[in-house]
Amino acid sequence: MKKKVAFVCVHNSCRSQMAEAWAKHLGKDVLEAYSAGTSKYPEVKPKAVQVMEEVGIDMSKHYPKLLSDIPEKIDILITMGCGVVCPYIPCDYSEDWGLEDPSGGSIEEFRKTRDIIKEKVENLIERIKNKKI
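78 is the number of the first residue of the sequence shown in my numbering; add one for each residue after it.
It should be emphasised that the hints constitute simulated quantities derived from the structure, not laboratory data.
No false leads were mixed into what you were given.
Keeping only pairs whose Cα atoms sit at most 20 Å apart, straight-line, the calculated DMTMM-like set for lysine to aspartate or glutamate is:
no., residue 1, residue 2
1, K197, E186
2, K189, E199
3, K206, D169
4, K105, E199
5, K80, E149
6, K197, E131
7, K197, E109
8, K197, D178
9, K101, E203
10, K208, E172
11, K208, D106
12, K81, D169
13, K189, E177
14, K208, E196
15, K124, E177
16, K80, D173
17, K209, E196
18, K124, D178
19, K206, E109
20, K209, D173
21, K209, D106
22, K80, D146
23, K142, D178
24, K206, D152
25, K189, E131
26, K101, D135
27, K150, D169
28, K101, E131
29, K195, E185
Could you build all of it, start to finish, from the sequences and the hints given here?
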């Protein structure tokens, strides 16, 4: 059975979107991935879409979602290091990835964040497959 994982950030416009896209791309056999934010935002950051496109992942149809847009009960909650306390989200396991927000930064900062997120998603998938989560 797939684990429901939610990647949560403030605006759901960059890091959490990339994490959801990586999880769907790399972990479709073990994960049901979602992402959401705690505040409304008009669009996914164009540089986030661009750097994911560079690795063959299309996020052009992604849009920012709120916590109310994801399932009420999830298995794994991943916060991205937003410096905010999320409202209570029922889950079996949670962790914070403590990632710097590249918004407003160079394309290189977005690429670095993309690659860090990929490693973290790969590690998460490995832990799930090895029944450590």
